Amino acid sequence: MTHAGQTVEGSVAALFRVALLRDGRGLRIGLTTVAFMVHQLCEALVPVLIGVVIDRAMAPADRAALVWWLAALGGVFVVLSLSYRRASSSMVTVYGYGEHELRRRAMTRLLDPLSLRRRPGSGEALSLVSSDTYRVAGVSWSVVQQASTLTAILTGSVALLLISVPLGVGVIAGTVLMLVVMRRVSMPLEARGLAEQGSAARASEVATDLITGIRVVAGMNARAEAARRYRTASDTSRRGAVAASRSVLAYSGLSQLLSGVFLAALATASGYLALDGHITIGQLVTVLGLAQFLQGALAHVGTFASNWIHKRASARRLGELIDAPPLIEPLSAETVAEPGSSLLRWHPPGHGEPLDLHPGDLVGVVPHHPAHARGLSDRLGYRVPLPRGELLIGGVDAVDLGPDRVRARVLAPPHHGAVFSGTLHANLIPRGGAVDPAVTAAAMLDDVREQIGGDLAEVGEHGRRLSGGQRQRLLLARALHADADLVVLDEPATAVDPVTEQRIAEGLRSLPSTILLITTSPILLSACDRVVELGAAEDAGQDPNGSPVDT
Amino acid sequence: MTSDQTTPPVTALPVADARRTRAEILRRLRTHHRRLGVALLTLLGGTAATLATPPLLGGIVDAVAEGSGRGQLAALGLALVGATAVGAVLAYAGGRMLVALVQEVLAQLREDVFETAVHLPVNTLESSGSSDVVSRVTRDVEAVSEAASDVLPEVTHASFTIGLSLVGLAVLDLRLALAGLVCLPVHVYATRQFLRRSHRVYGDIRRLESARGQVVVEAVRGAESIVAYRTQGHHLDDLAERSVRAIERQRDGVKLRNRFTGLLNAAEFLGLAAVLVTGFALFGSGAVTLGAATAAALYFHRLFGPVGALLGSLDDIQRATVGLSRLVGITDLGGRHPVRPESEARDPGRPDIDVKGVSYAYDGTRPTLREVTLRVPAGTSLALVGASGSGKSTLARLVAGIGTPDRGSVTVGSPDAPASRYLVTQEVHLFGGTLADNLRLARPGATDDQLSHALREAGADWALNLEDGLDTVLGPAGTPLDDGSVQHVALARVLLADPPVVVLDEATAESGPQTRTLLQGALARVTAGRTCVVVAHRLEQARLADRVLVLRGGEVAEQGTHDELLAAGGAYAALWAAYHRTGRDDDGAPPVSP
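Each protein sequence line maps, in turn, to chains B and F.
Heads up, the first sequence stops at 662 in the numbering used here, and the numbers go up one at a time, no gaps.
Heads up, the second sequence stops at 583 in the numbering used here, and the numbers go up one at a time, no gaps.
Derived from the structure by calculation, the hints contain no laboratory data.
Since the model is a prediction, treat every value here as computed from it, not as a measurement.
Treat the hints with caution; some may be incorrect.
[To be verified] Pair ranges (Cβ atoms, derived):
#1 B:ALA183 x F:HIS188: 25 to 31 Å
#2 B:ARG229 x F:VAL70: 53 to 59 Å
#3 F:ASP437 x B:GLU561: 48 to 54 Å
#4 B:PRO470 x F:GLY518: 34 to 40 Å
#5 B:PRO441 x F:GLY251: 52 to 58 Å
[Stated by the list, open to error] Here's a subset of chain B near chain F, in silico, CB distances under 7 Å, partners left out:
#6 GLY207
#7 PRO224
#8 LEU227
#9 ARG229
#10 MET331
#11 ARG342
#12 LEU368
#13 VAL495
#14 VAL607
#15 ASP608
#16 LEU622
We treat Cβ as the ideally placed atom computed from N, Cα and C, and that holds for glycine.
Given only the sequences and the hints, what does the whole structure look like? Please build it.
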């Protein structure tokens, strides 16, 4: 990946290529476009045939001609219907898999082991993975629909050119004029519409916020105030939605007006031509039918510009994510051998001496400040760039191993770990395997397993069926189930009561795993083989290995 | 405890039936019936103006056939422009009125939904999943709103066009109009067949897509955990599998829609052919002019678009109706759970807390609390101690007036005029918006000075030193706060609300020594002079309380002062001994020997 050299335009084009051309979509979309064009061609032929029926059958009262031309009309309808059905079922595949591929790429980057230098917040990430991929994938619809509309206009123009050159030229000129005018009009309208759509989402944000915090709200008797706040937000949203709709109404009103004027001009001009005998009455009817059909096609042409503005904005945002530089430098080409021993040496920043961890150790680390605890866990989990020499596994530098191999040996899950919807078992052992009763007992999870109805019970969205304490015990048991040389636990018992915490401390002691506990809890620290205090070490020059605490 | 514990019952929130939903929506629209009438008439006028087009085009044909002058053609051309202009202007004006009205009705509905939801008993909200409520006030509201602003104008326009075109045809010639109606049975058949099956298929598609969305949301929020456990592959595969399933079902949907479209095309052909054949016969017998026959065919051709749009949006309408029935389902709860006025009055004096023989079970079977009796004299504090699942938090909530006991009574102050109570929950929730917004929840009318004063009193001087002071936007969109600081703000809120009774189920454990010292200071100020119940998440909290009550399995195991319980040598004494063995000082300094 070359990050610096890539222009924004380049990444937009690349994403459109993914949506349109990859995995055989190119051929399929080509065929689909042809099918849609055939469909539109037939749609354009219907008014032409109406004119022909009136001209060749009705006016001369020719019964045979009526039968023949109605049969031709029937044939056109058959082709029209079949081509449309063929094309629309093909589009589901093109669009669906195109969207999926874009979503997969965005998701892969969000889950990049090397992390991202600028991580989008979860709201932004969600809108990237859902709305932006949806819009960019929609480029396939834009291409086929717009191509087929242009085909319809072209067919109409050719038919008109055959009838009368000035009329045909007039239609083409009208189409171009429409495109230009509507594009000019659409830009400011679009910008305003987007801003208003943003304010329309305000009510949802406020509702989610207040309902999620409903226990806190209820606790402080603030339900009435919450309802009042929602009313205010809802009102903002209402005004935003109304304003956005007005923009759309103004836009479509203008497009309706322009295409109507175009129809009137075309109809009057062809009337003059018919009056002067340049075209027959039947041809006049055809022209009028076509003009009416073209009015609709032209109104669609009017929306092209705004359609692409949306898609390009989404593609630009998505491109920024997909081409975003990683936070951690990728490994250089040569790979180092897997370290033989599982001896770990960690050199905490600002701490005098390195900390050695032997198999089976239970070591407590007291951070200088709780915020510092998150930082320590991030370092051991290699979620931030590490300087050379900070973390050594079996004598090999973590920087040479790369984050993925380091994480296979050192498991340092984040303090606010995520619980996923699914069974308790799937959350407990995400990489698969059997439940270890010793671990669930040590993490005090056994009563949770019983209470929620066994390992195969669902835990709900984000684990909402579990209380804070239950969730924390699940996270603890999950970490202890991992097959790693070292498990780093960042304040693992903050949401449980002292009695449970005491039992967890005893449980951790009983396990054979190598554990590094980042905590300020005296109960947990009392269970450790040794305790190291960070922060104060810089100036004090204390015993580097910390002091054993008797238990 | 029973061994075969099943999952707690999930009582789903109600959904209104179709009839009730329709009645409710009509009732809400009726209150604006005049504006609605004007908007619809305007739109109708707009559609009528545009429908002058086919007869005007027919007029051009007749004018040419009769060899009229250029002047008449020019007049017809101008009439076409006029019809278009009037149509566009009326469509815009009517659309504006309709949108404003519909959005107003919708905003009123969603506000009522929220108001009802936020006043539901917390237990109802929790057992049915707050996510259900959230999805109703967000996703369902958005689906309805989208339908209101996108589908409604289109459907209105399409229906008017169809109706007026038929009128136009009938005015031209009744026989031509009847010929056009030949296609009607096909339309009816196609629509019935489509709706019968589409309901299930599109329901499935929405479910599959929402399940896929769920995977995305959880993976995005849990990215750090996924990376730590190196389970990216698992989540991406899961996403791929769900995507494929949604696409496959969409294919079924397209098949249905294609069959529907095919029948519509057949109907279009049948109707058009019938109009042309009738026109042929009538023109042959001299009953109509060529222009009239042309206009009839053009009228009919003009119907293709609106008929397709109307029938095509039936599915969207169905979806919006489902959303509406879920919203009405909530507003209908408003009657059953009367909105209790929140005790705003500040009671003079300090009330007692009296709990007598309280029992409580969440699911109605397995009791969480059994025959709990306790008393907290005015101005004193009681600490609740116990293992998780012992019922401390449940008892605290009952004392705070959130939920009512199955048996027994909770009295705070005098039984006739219960004192207002304030509960600081275990949940740490930072509300969106500014620091002032977060504080004013507890006391909406508070002045900036009062807010600053409360923060200072709580020892939260750091909050006053934020970049924009009280107007600093907090959270992911602005200045992020750690959990300890969010709790600190929560304690400042108590001082702001100044309640006579405080229940603290608050865990300062998340915070480290420095923040904890600050928070303990704030806690001391919050409890000073108030009657309070404290759920002890740390044993220091128990020692500082006037009395301690130990819960075990929902029953009172022992109660007394800290010293009494230590002397008694029971569960509390054992707990304290284990805790104290760690050699930890009460101020929270970690144990490090030199």
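Checklist line | Interface hint outcome for VAL607 of chain B [beta carbon to chain F under 7 Å] | finding: Nearest chain F Cβ about 6 Å off; hint holds.
Margin query: Interface hint check: LEU622 of chain B, Cβ to nearest Cβ on chain F, cutoff 7 Å. Holds or violated?
Written below: violated (19 Å)
Next item on the list: Against chain F, run the beta carbon of LEU368 of chain B and see if the smallest gap drops under 7 Å.
Entry: At about 4 Å, which falls below the 7 Å cut-off, the nearest Cβ of chain F leaves the hint on LEU368 of chain B intact, so it holds.
Next item on the list: Starting from the range 25 to 31 Å, see whether the pair ALA183 of chain B and HIS188 of chain F falls in it by beta-carbon distance.
Entry: violated (38 Å)
Check: When you take the CB atoms of PRO441 of chain B and GLY251 of chain F, is the distance between them in 52 to 58 Å?
Finding: Check passed, 54 Å falls within 52 to 58 Å.
Next item on the list: Please test the hint of 48 to 54 Å on the beta carbon pair from ASP437 of chain F and GLU561 of chain B.
Entry: holds (51 Å)
Item checked: Restraint satisfaction for GLY207 of chain B [CB to CB of chain F, less than 7 Å] -> holds (4 Å)
Next item on the list: Identify whether the interface hint at VAL495 of chain B stands, where standing means a beta carbon of chain F within less than 7 Å of its own.
Entry: violated (12 Å)
Item checked: Proposed interface contact between MET331 of chain B and chain F, which counts if any beta carbon pair is under 7 Å -> holds (5 Å)
Notebook entry, point to check: PRO470 of chain B and GLY518 of chain F, beta-carbon distance inside 34 to 40 Å?
Noted result: violated (55 Å)
Next item on the list: Determine whether the Cβ-Cβ distance between ARG229 of chain B and VAL70 of chain F falls within the hinted range of 53 to 59 Å.
Entry: Holds, at about 54 Å.
Checklist line | Hinted contact ARG229 of chain B with chain F - closest CB pair below 7 Å | finding: violated (14 Å)
Taken one by one, the earlier hints fail for this structure at numbers 1, 4, 8, 9, 13, 16, listed in ascending order.
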